[in-house]
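Protein chains in written order, with the working numbering: chain E, 1 to 691; chain L, 1001 to 1619.
These are calculated hints, taken from the structure and not from any lab test. Hints are supplied without guarantee of correctness; some may be wrong.
Computed footprint of chain L on chain E, listed as stretches where at least three residues anywhere in the stretch have a Cβ under 8 Å from a Cβ of chain L [what the hints assert, rightly or not]: (1) 68-76; (2) 180-192.
DSSO-like cross-link-like pairs, simulated, lysine-lysine; straight-line CA separation at most 30 Å [as the list claims (entries may be wrong)]: (3) E:K29 / E:K71; (4) L:K1183 / E:K29; (5) E:K170 / L:K1183; (6) E:K371 / E:K29; (7) E:K632 / L:K1183; (8) E:K612 / E:K371; (9) L:K1393 / E:K313; (10) L:K1209 / E:K170; (11) L:K1506 / E:K29.
Remember, predicted model here, so these are calculated numbers, not experimental data. All residues carry an ideal CB built from backbone N, CA and C; glycine is no exception.
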Amino acid sequence: MNINDFNTLGLIVLIPLIGGIINGVFGSKLPKSWAPKIGSAALALSFFFALQSVHALYTSKAERLTYVAYKWIYAGSMGIDIAFMIDHLSAIMVLIVTGVGFLIHLYSAGYMHDDPGEWKFFSYLNFFIFAMLLLILGKNMIVTFIGWEGVGACSYLLIGFWFTDDEKAKAGQKAFIVNRVGDFAFILGLFLLFWETGTFDYVEIAHMASSTTSALALHGVATAAVILIFIGCTGKSAQIPLYTWLPDAMAGPTPVSALIHAATMVTSGVYLLARLNGVVTLSPVAMGVIALVGACTAFFAATIALVQTDIKKVLAYSTVSQLGYMFIAIGVGSFTGAIFHLMTHAFFKACLFLGSGSVIHSMGGEQEITKMGGLRKFMPITHITFAISCLAISGFPLLAGFFSKDLILWGALSNTHVFAVEGVTPKMIFLTEMVAAPVQSGAALTTQGWVPIAFIIAFALGLITAGLTAFYMFRLYFMTFWGEFRGDEETKSHLHESPISMTLPLVVLAGLALIGGWGGWPHFISHWFHDPHWMLGFEHWLAPVFETSDKFRIVNRFGSHAATQETIATGVSVLVGLAGISAAYFAYVVNPNIARRVKQRFGTVHRTLMAKYKVDEFYDFLFVSGSILVGKIAYVFDQFVVDNAVNFVGRVGESIGRVLRNLQSGNVQRYATYIILAVVLCLIAIGSVNV
Amino acid sequence: MFNSISLLAATLMPSGGVPWLTMVTFFPLLGALALTFVPKLQSGVHRNLALVISLITAALSLGILLNFDATAPLTEGAFTFQLQEGPVPWVKSLGIHYSLAIDGISLWLVILTTFLMPIAILSTYSAVKKNVKEYMILLLLLEAGMLGALVSNDVFLFYIFWEVMLIPMYLIIGVFGGEDRVKAAVKFFIYTMVGSLLMLIAILYVYFKVHTQTGVYSFLLQDMLSVQLSPTEQLWLCGAFLLAFAIKVPLFPFHTWLPLAHVQAPTAGSVILAGVLLKMGTYGMVRFAFPMFPNAVKIFAPFIATLAVIGIVYAALVAMVQDDVKKLVAYSSVSHLGFCVLGLIAMTPQGLAGGMYIMLAHGVATGGLFLCVGILYERRHTKKIAAFGGVAKSMPVFAAMFMIIIFASVGLPGLNGFVGEFLALVGTAKSQFLWHDAPIVFSLVDVDGVQAWGFHMTDTFPLDTKIQAGGEFTAYIFASIATLGVIFAAGYLLWMYRRVMFGPLKLDANKNLKDLNGREIVYLTPIVLMCIFMGVFPQFFLGRMEPSLNQFLGYMQSKTQNSIAKIQLTEEELTAAKDANPEHFKTYREVRMPNVVVASPVKEGWVPKGKLVDQKGDK
């Protein structure tokens, strides 16, 4: 096997593309039942090859396997190949995308069964997977960018899948354009990096970021470049200030929400920053910004989720909030935590979305949880899987979310950039080759500057958010599945458990939500068992990718033996989660009046939250109406000023012509006068010269 | 027939070979001639014959493509031409030659022309019912004019073809256009004419200059390129050329003829106008204006880039508020061509390649957009956005194709629009050409052997390389603002698409719209496939342009530095200038010397004169 020409990577990407083309071009003519089969088969094959590649990567012991498909754009010194790479980071991503993607395709076969546009749906889904695979397997930033835009376009098409509803078409358009705003910054960030490094290749950039001389040059643009790229990520991964499209994107079919707007596409920003960790950690300032934005988003979205009554809207805001966690992790330099949470989140959030889809399917399209209730009797499988995922997202001990969330919170509490340590002079060598003396001692460190404070704020907000998350998830769960059914009789008579093609993915995902986190135990627990490899498997697997960052740049401010602090942090976050669950239990099961009274008591707060802080309206006013207004002014300017200015020049010519035309009247006497005048003038002229 | 061809070949190409360029250029002309013999009433024959002629032309142009050798050795000068035919003296006394040739810059534009023409003709089958004969003849004449302008490398010949394309287009708009067609046609004509006349004057000036310097009258491009011009002359002549081309492109603020012309022009006219005719402006810049007057271009560069950037954002904003689909697309053209000009003027390999690629991609994608508008117009006889809504429901196939073309135009990676815009933006961001790194100095300059005091923009001022950091940052700002246009493009195009195609079917008139018929599918499919192919395999196109572009860039660089050497101040003159105006020198250094260390790893494209100073310092 040639590690530099590993063409299986090409197959992983190509197969969904072929599936999409078959369904897209011939779908309307093929028998109806073929579309889901073609779509799912493509994903199954792709998943198979992904497994094979990861296996090959594992057995080869190579750092990465690469494959150059062909030369794409070459101009001057810039050469961009369509090239793919699988390393330990993209291995995890590719398994999530093709694995979870396959389950969701399977689910869609049941969910979209009655839709006449089923073939189109599967075609779009396949195209989406193709673009997503480009994004994660790309060996350079441009291939990633092709995927980045491609997933945006597919998301646009899928959100607006039922385009005859103007609201849905609008939501799709909004998603695309808000993402474009992010892409604007992203492209500029790319240019800055390219300007400095002369390459778009991840491997070369990582190499430059980790060797002293080139890191020095890169350091100059790192803050600007990382923040610009991060703004791009706030678009794709729905962070403040560009998160507004994601809740609206729930207009799409539910499997789309699960696949694109929970498990895969929205996490691509996290993936990208983890991929560029070498550059990110060059700039403590950028890290502080990322951590703060992530923390604010996590908290802010969680508060909105507290009061929403649309089952998918709650999940949407929850997704925004959880993505905020991932950005906290990136910001505080816990890249393993970010990817770990990305993975576990893909499991439980996909399960939650698919579960909500199952509920909506059974409720005949109803999404208001105020009209649900008591569904556990009718839909046992959906209920159990939903419950497991709710526990997982709330950080209940031993479930997937517990491990990943604790890793992030612990990172926020303990991590510090080496430049923020007191007594360390900022020197490039401390970022690339040497461990600074105060860190080497292994003792607890004192920090300076605002960045460590930002990390602590991120921890505090993260902790509060953990409680809020547990509360609103269980509010959702209790209102949907417990108590009495609140809908009409008609709907009640149709309640049913979903078909096997829909429940099977639920069961698999719930299983993953149960055990998916067992590769990343907290260190204080694994210490008791003398650190067996599997208990920290996730960390070990990703270690080569984040090597420089972990070794030289991110330090633990509690020193190297921090088991006590870690235990306390974990304990607190578990307690907060349990408190949230119990609060929801009391407020929505034991005594539903509590919720009502709180709502009345804090009417203003409730209304503000229901209105989502009116951010959408604000943006509409400022940016949408604003640019239309500017456009109108520009148009008026164009018609009356620019055009007339040129016409004026024309008219001057015309009027000169008109004056001259009067001279040529055809009147002989007049001509004679002209001649005489001319002669006289000539004589005067000559005379004046002579004198 | 074959005898005559071989006779022709023997005259044109003494070394043997097939005169592909002559055949391609004059085949449409012969076709137009043939059409005049067909009775006027047989419109079916006219259409089919014109289509067959344009298809044969397209097939012949493949001969050019196949015989073009991208690996051919490069010669001295700005361009290395291939498939040279002639030069055969045409008007000997005036030095006008029949000389056709092609290089990587014009190759793809020729192919684009022959590619779009059959599509445009096919689109007229149901749109034009009256005066079909004249229409077809005009289209074929237009094609001949465009092809001729692209392949001629005698400047006078170029000018003739340039004017030849003007008249058919004028008639196409004025006779076959919409309600306001006469006004639109006149405006189109006057604008273009003013530019052309200025260009003609400039051409003649250079022509006489050639005679003064070499003693020979010649309009051949290589002769005109080798002429020596003083900086002042360059500025004026370059201005005249650039104005002519800027009107044609059109560059803000000379663009107001375009929306009017597009709205009034029939579909085929719009397709050709946007697809090829506008590119004549950008092509002319690369082929004539830039290499003839390199120093003047260097001085104009920041201003041209500013206009281009304003045009990008401004036209995009204006496009957003249009209520007429065609006008929206017309303004989008202005915006997109702003990227093109920006890329070209950046003088970097990426920027040039990007500008060239935008010409092709925009031709295909915007041609496609106009075809789509035409299809809608034929069904509903209106182009107002408000008259549509929910059309995707009744026309699903059309919706899919329209969507792909829209995405191509938005610049979605994987489709053709992205490649050009990306290259142009990368090139701009790295450019060092968009900056006056030479100050305006009142100094003694050697102009044609005469020493004269005056204000001069020179590249000779000995500034050290640190100052170029300012140039790089300026370029980055240009790129940033231009990138804004990418957001707006998504905004206005997708918004238009949503209002036309998505949403509920509110109006009864839209409920029973017929989806594409066979003929429409036949002419839209090549556009869609080309959008995809150009997006997925751009190197197929770029690879054949690259040697020519690199040579051109190298020429621009050497030419600029040669002329620098010519007007270089001597040490004494410099001291004198400093003594005369010490304040100016001092402030310039102080203001323009930021403490920024430039660490750009790759210096390519147009590299500022700092080199010259370095060499001096090395001594």
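Here's how the hints hold up against the structure:
no., hint, verdict
1, 68-76, "holds (count 7)"
2, 180-192, "holds (count 8)"
3, E:K29 / E:K71, "35 Å, violated"
4, L:K1183 / E:K29, "49 Å, violated"
5, E:K170 / L:K1183, "38 Å, violated"
6, E:K371 / E:K29, "40 Å, violated"
7, E:K632 / L:K1183, "24 Å, holds"
8, E:K612 / E:K371, "21 Å, holds"
9, L:K1393 / E:K313, "28 Å, holds"
10, L:K1209 / E:K170, "62 Å, violated"
11, L:K1506 / E:K29, "29 Å, holds"
Of the numbered hints given earlier, the model fails hints 3, 4, 5, 6, 10; all others are met.
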